[in-house]
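J.: Protein chains in written order, with our numbering: chain A, 1 to 84; chain B, 85 to 168; chain C, 169 to 317; chain D, 318 to 466.
Possibly wrong hints are sitting among the right ones.
The calculated BS3-like cross-link candidates involving lysine-lysine, where the alpha carbons are at most 27 Å apart (straight line), are [to be verified]:
{"id": "1", "chain 1": "D", "residue 1": "441", "chain 2": "C", "residue 2": "189"}
{"id": "2", "chain 1": "C", "residue 1": "292", "chain 2": "A", "residue 2": "16"}
{"id": "3", "chain 1": "D", "residue 1": "462", "chain 2": "C", "residue 2": "313"}
{"id": "4", "chain 1": "B", "residue 1": "100", "chain 2": "D", "residue 2": "441"}
{"id": "5", "chain 1": "D", "residue 1": "441", "chain 2": "C", "residue 2": "292"}
{"id": "6", "chain 1": "D", "residue 1": "338", "chain 2": "C", "residue 2": "189"}
No lab work stands behind these hints: they were computed from the structure.
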Amino acid sequence: MAQLLYFSWVRERIGKSEEQFDLPDGVQDVAALIEVLRERDNGYATAFEDLSRIRIAVGQSHVGTDHTISDTDEIAFFPPVTGG
Amino acid sequence: MAQLLYFSWVRERIGKSEEQFDLPDGVQDVAALIEVLRERDNGYATAFEDLSRIRIAVGQSHVGTDHTISDTDEIAFFPPVTGG
Amino acid sequence: MASISVQADDFDITGEINALKADRVDIGAIVTFTGTVRDLDGSLTSMTLEHYPGMTERELQAVADEAEARWPLQACRVIHRYGTLSPGENIVLVITMSAHRHAAFQAADFLMDFLKSRAPFWKKEETGEGATWVDARESDELALKRWNS
Amino acid sequence: MASISVQADDFDITGEINALKADRVDIGAIVTFTGTVRDLDGSLTSMTLEHYPGMTERELQAVADEAEARWPLQACRVIHRYGTLSPGENIVLVITMSAHRHAAFQAADFLMDFLKSRAPFWKKEETGEGATWVDARESDELALKRWNS
Numbered sequence: 001m002a003q004l005l006y007f008s009w010v011r012e013r014i015g016k017s018e019e020q021f022d023l024p025d026g027v028q029d030v031a032a033l034i035e036v037l038r039e040r041d042n043g044y045a046t047a048f049e050d051l052s053r054i055r056i057a058v059g060q061s062h063v064g065t066d067h068t069i070s071d072t073d074e075i076a077f078f079p080p081v082t083g084g
Numbered sequence: 085m086a087q088l089l090y091f092s093w094v095r096e097r098i099g100k101s102e103e104q105f106d107l108p109d110g111v112q113d114v115a116a117l118i119e120v121l122r123e124r125d126n127g128y129a130t131a132f133e134d135l136s137r138i139r140i141a142v143g144q145s146h147v148g149t150d151h152t153i154s155d156t157d158e159i160a161f162f163p164p165v166t167g168g
Numbered sequence: 169m170a171s172i173s174v175q176a177d178d179f180d181i182t183g184e185i186n187a188l189k190a191d192r193v194d195i196g197a198i199v200t201f202t203g204t205v206r207d208l209d210g211s212l213t214s215m216t217l218e219h220y221p222g223m224t225e226r227e228l229q230a231v232a233d234e235a236e237a238r239w240p241l242q243a244c245r246v247i248h249r250y251g252t253l254s255p256g257e258n259i260v261l262v263i264t265m266s267a268h269r270h271a272a273f274q275a276a277d278f279l280m281d282f283l284k285s286r287a288p289f290w291k292k293e294e295t296g297e298g299a300t301w302v303d304a305r306e307s308d309e310l311a312l313k314r315w316n317s
Numbered sequence: 318m319a320s321i322s323v324q325a326d327d328f329d330i331t332g333e334i335n336a337l338k339a340d341r342v343d344i345g346a347i348v349t350f351t352g353t354v355r356d357l358d359g360s361l362t363s364m365t366l367e368h369y370p371g372m373t374e375r376e377l378q379a380v381a382d383e384a385e386a387r388w389p390l391q392a393c394r395v396i397h398r399y400g401t402l403s404p405g406e407n408i409v410l411v412i413t414m415s416a417h418r419h420a421a422f423q424a425a426d427f428l429m430d431f432l433k434s435r436a437p438f439w440k441k442e443e444t445g446e447g448a449t450w451v452d453a454r455e456s457d458e459l460a461l462k463r464w465n466s
């Protein structure tokens, strides 16, 4: 099971901060995972409606949507960061 | 009488930190004053032997050797500054 | 090695400098940057900083290590707060120490630019009208490009 | 208006920041630079800073006013010590506060470059071998040129 994490308004739109998720067969990169999540309900669809506003971390490192993922990864979705 | 001030090794070579000085006739700029001071004794001559290492302030503002001076000025001689 | 902290508590700049510097006499230049909660129009009630525990520490350590690799620093410290803060309160502290002032200035400037674009923090501003997530600024992305050459 | 002090006593960075900032909430970025007495080879007993009273205050005020004219600063403070100091002790403190971090960084960097070449202070280093006046560095003159464009 992959561990999915959501932060900021991504978390608020999806309605949870984390979940275990069984990557379906054929889902091998972040882009494919986002497509699957979008179909789940309106919250996910709204969270991922504009991918230019979504940032991704796999294994706690920044990655792009083409990053390969596996069923043991920690995969986080969040808006562009605004700390500092 | 002009007020002459000396700092750092200029002060040490001349052997005093300040003095009143009556500008001789014809001494109208800093360069001319330095020529007159150099003739006074070996301390002044040593202090002013290398003008590339001398900085000047008149009225507490940085000036060049061509700066015009008068008998009421406060005129300071010192090495390049090393604060900060 | 660069030292980082992610904490809810406030920090004391003099205390942090003294702890880093200790009895060292080979340091000539100390630069600090402090970011504070700004309320330009008087409407802000509070600001809440959410973060990604684990990744935050990794990113702060990575950017601090990168600063130490790029400049001759004798010490480097980053502290970033999370939680709910009031207008005027401290958010972030960066300290760089070097024998040379330009290295200390550049490293602190670099640290802030990278932190702003990489450290996983998100600011939410609360006003009388409700709460809003702060948008990232394009200028922060552009600031990063200064360090690529 | 920029505030300057020429003093024998040490300063406390946190205290100086708090006094400058007071209850203001329009400041987002605070940069400090602290210069300390450096002893790279372990031979330094003490350092004595001579200065030109009167002109020192004028030059520090002039450079601080110039920084405020060039960048949108909400506060600017310069403290320079004189007298005899031990290795590791504080010499100079510059604080800049702005809504924007790059303005605060640049103004502090500028202040130090100008101070180094214009403020009438002279350092004498005392070691077991005797006392020597510190030579000015050409790099400090060159640093000034960055700000002319």
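J.: Against which earlier hints does the structure fall short, listed by number upward?
T.: Violated hint (a single one): 5; every other hint is consistent with the structure.
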